[in-house]
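**Q** Make a model of the complete structure from these sequences and hints.
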Amino acid sequence: MEQEGGLSPELLVQRALRKGELEELILREEIHWTQKARVKWVKEGDCNSNFFHKVANGRRNRKYIKVLENERGLVLNNSESIKEEILRYFEKLYASPFEESWRVEGLDWSLISGESASRLESPFTEEEISKAIFQLDKDKAQGSDGFTIAVFQDCWDVIKEDLVRVFAEFHRSGIINQH
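Be aware that the sequence shown starts at 1, since it is given in the working numbering, and climbs by one per residue.
If you are wondering where the hints come from, they were derived from the structure by calculation, not from laboratory data. On a predicted model such as this, the values are computed, not experimentally measured, just so you know. Hints may be right or wrong, so weigh each one.
Ranges between beta-carbon positions, derived for each pair [unchecked claim]:
id, residue 1, residue 2, range
1, L27, Y64, 46 to 56 Å
2, A168, S81, 44 to 54 Å
3, I175, K131, 16 to 26 Å
4, G73, Y94, 16 to 26 Å
5, N177, D157, 36 to 46 Å
6, T148, L120, 51 to 61 Å
7, D108, D157, 18 to 28 Å
8, D157, N57, 38 to 48 Å
In silico BS3-like pairs for lysine-lysine, Cα to Cα no more than 25 Å straight-line [what the hints assert, rightly or not]:
id, residue 1, residue 2
9, K63, K92
10, K54, K140
11, K140, K160
12, K138, K54
Note that CB positions come from ideal geometry on N, CA and C, so glycine has one too.
**A** Here is the structure:
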C-alpha cells in the first residue's frame, strides 16, 4: 500500500500512534527489569535481554537458604527445619542475659567538646539535606513505594520545604510520621 502512492493521512497517524505505544511498552518493560535486577550499570535505553531475567531471578535464588548446619553439627535441608533452627538460634541469642558493655582496647572514649556536641545535636539544615540527597545515585535507595532517590532529586524544588519539615519534626520528636 505504501508503494502505491503512500499511506493515507489516517493510516500515517495510526502507524505513528502504534509505534509510540510500542516504544512505551518496551521502555516500561526495561524499567521493570532494571528495577528488579538492581544492576547499577543498566540504564533506561539499554536493550532488555535474557541476561536481565537471569540476574533478577538469580538474586532471589542466592538469598534462599537451601542447607544449614546447626550448632550440634546436624545438616538441615528442608525449609521448615531450617526456619525452626534460625528462630531457635535468634531466640537463644536475644534471650541470653546482658553481659558487660563492649570494650575496645586502644580506643580513647573521651568526651567530645561542647561545640562538637552542639553541632551533632543541632537540626539538619536545608543545605545539609539537599547535599545528602544529591550525593546519592539516582537509581539507588528504592523505597517501599518503588520510587528511587531520583524522585527527590528531580522534584527537589517542589518537595524541599516538606522534607525539611519532616527532618525538623524527626529532630524534635525522634519519630518520622508515616502519613
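**Q** Name the hints, by number, that the structure is in violation of.
**A** 1, 5, 6, 7
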